[in-house]
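Using the hints provided, position chain B relative to the given structure of chain A.
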Amino acid sequence: MLNWIIKFITAAVLSHAFFLWVGPHIVMSKLDKNLKRAQTEYRPECGERWVEGVFYVNPDCLSESARKPNPDFIYTLIPYDLKKGNLIVSAPVPSDDRYWSIHAHNRNTDAFYKITNTEIDGDYFKFLVTRDRNLNPELPVAYASSNKGLILFRLAMKNFNEYSILDEFRRSTNRKYVENL
Amino acid sequence: MMQNQGLLKNTMIPISGGILLSFMFFYQFTHTTSFAQKMLGDVHINQWISHFDQSMQGQNPWLRNYIAFTGLVGSIRPEIIYLEAMYDDNQNPLLGSQDYILKGTPPDCRYWSFVVYDFNNRRIEPYEETIASFHRIELDENGQYEIIITDDLRNYPDQNAISHAGNDFNIIMRIYGPKISYYKNKYSVPVGSILPSKEYVELDN
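Line by line, the protein sequences are chains A and B. Quick note on numbering that gives the first Met the number 0: the first sequence kicks off at 0 and runs consecutively. Quick note on numbering that gives the first Met the number 0: the second sequence kicks off at 0 and runs consecutively.
Please note that a few of the clues may not be correct.
Pairs of lysine-lysine, DSS-like flavour, derived with a Cα cap of 30 Å [to be verified]:
#	chain 1	residue 1	chain 2	residue 2
1	B	Lys183	A	Lys67
2	A	Lys125	B	Lys8
3	A	Lys157	B	Lys178
4	A	Lys29	B	Lys37
5	A	Lys67	B	Lys102
6	B	Lys8	A	Lys6
7	A	Lys175	A	Lys125
8	B	Lys8	A	Lys67
9	A	Lys67	B	Lys185
10	A	Lys29	A	Lys175
11	B	Lys197	B	Lys102
12	B	Lys185	A	Lys157
13	A	Lys67	B	Lys178
14	B	Lys8	B	Lys102
15	A	Lys157	B	Lys102
16	A	Lys32	A	Lys6
No lab work stands behind these hints: they were computed from the structure.
Just chain B, with the same shape it has in the complex:
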């Protein structure tokens, strides 16, 4: 009896504890979490975390797991830049209870788009309403995009608007076939500002 207790205390508990701690740490890299975003990513520009072709051979194993579990399958450089945002410009989480304005300068590339996903990285239905792509976005006279993210597209007829359908969400910006200079100066990738629409209107006024 005493021997069993000794085995439990001196061997089973530290080994199980070590495995549990290790799993909890690993789990952070299987989801879009603030911790994973702080640890990974090439450069952080405002609230955006960038990933430059993150499926390269020999990459760090935490990043490999992060992209495998979150679905951001990458490429061989130079081809795909992903930017992720979980927060607005005030560092508040992106909530399904609010409308937002996403505004910025388009990147120089072959294809770019913004897509909103729920916090489990699943697409939101109807998925056709969750994407703003350069093929369909109208730019303003200064060559900038202004995209409304809302739960009700009917409130914004004839405007660039996409739907979060009431879900708390994160945003992925995809840049395919980017200009090479983005790789020389990673901070030069243009990112958008994200503000709750009420605050944006106040600022605009």
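Just chain A, same shape as in the assembly:
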């Protein structure tokens, strides 16, 4: 009987540890799949959602699998893979009277970088995402702890009729991989 209980508990503990580890990765893989679909399936009502590695989420075209999106926010996503090089991201910054932020997330969804428009002087922001702690670039740096991850922009709408103007505003977001700095 003791043997039976030991097997039961061991299986429960080990499988639970596995579920805890794999859970966030499953969510991120699902997001990858949705982004891939959005990249390959053009829907006129959603506009140009995928432009050179930047995914412009249209609130009217959110996937059914999206959980708890904030209707007030216009989300912009940049999935990245640092195996392709260090990543430089640049984006327009709105005035402080509306909420705007950038968050960088590791593959397991943990955030490792955050900045908001109140912390930025100027109307454009550029930063570097890398795993290399020996770099000393002049840009602000976000140090990732996994190769793959996600940059998430939140831009608040004061009213829903602002969408078109704000969508145009965010379109100057860019990302590029660089081998050397």
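Leaving out everything else, chain B in the frame of chain A:
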């Protein structure tokens, strides 16, 4: 034959049972459940469960899964406070068959809003009617908000009202760019009261 039965009884059953039990436990943290809410969250204020920047590196793995599966992607402290409620002030689930009054004092922050979602954490359509945001809510003379949550907005013209469209629901309060003192005293975050509108009218009278 006997050997196979022995293998099944002594090895396969305990291992499968262990995996099944572990999955059932894990599953609780992939949805907004009472169990997950009891186990997770920073502080519980009335029926509200608060999460202070829950995407921090090195956080507990159950919370990491909860936020990944329920969609409440967080931040690095101090930036985002989420509050979740599944119940009204009487600890009854929030039902699509009733109207509710959500009332309270706004938090001190850059942005706050209330959004209702269905029990699977999906947005309710039309989504534009499911949000009460500080950009658009009118406060009363005491600086308080009073928001009606209903399935028919036409019953409340010219009032702060949002729609649950007949779905049983939960409410998320988002607080972005909060004042720092909320982190020193987590119970100081102002939360709203949620009462069925009929009961609220009786109390008001």
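Tested hints:
1. B/Lys183 <-> A/Lys67: holds, 27 Å
2. A/Lys125 <-> B/Lys8: Distance of about 62 Å is beyond 30 Å: violated.
3. A/Lys157 <-> B/Lys178: Measuring from Cα to Cα gives roughly 21 Å; hence the hint holds.
4. A/Lys29 <-> B/Lys37: At roughly 28 Å apart (the allowed maximum being 30 Å), B/Lys37 and A/Lys29 satisfy the hint.
5. A/Lys67 <-> B/Lys102: holds, 22 Å
6. B/Lys8 <-> A/Lys6: holds, 11 Å
7. A/Lys175 <-> A/Lys125: Between A/Lys175 and A/Lys125 the Cα gap is close to 11 Å, so the pair holds against 30 Å.
8. B/Lys8 <-> A/Lys67: Given pair B/Lys8, A/Lys67 is violated - Cα atoms ~44 Å apart, limit 30 Å.
9. A/Lys67 <-> B/Lys185: holds, 23 Å
10. A/Lys29 <-> A/Lys175: Roughly 24 Å between the alpha carbons, so the hint for A/Lys29 and A/Lys175 holds.
11. B/Lys197 <-> B/Lys102: With a Cα-Cα distance of about 14 Å, the restraint between B/Lys197 and B/Lys102 holds, given a limit of 30 Å.
12. B/Lys185 <-> A/Lys157: holds, 28 Å
13. A/Lys67 <-> B/Lys178: Since the Cα atoms of A/Lys67 and B/Lys178 sit roughly 24 Å apart, the hinted pair holds (cutoff 30 Å).
14. B/Lys8 <-> B/Lys102: violated, 58 Å
15. A/Lys157 <-> B/Lys102: holds, 21 Å
16. A/Lys32 <-> A/Lys6: violated, 37 Å
Going down the numbered hints, you'll see the structure goes against 2, 8, 14, 16, while the others check out.
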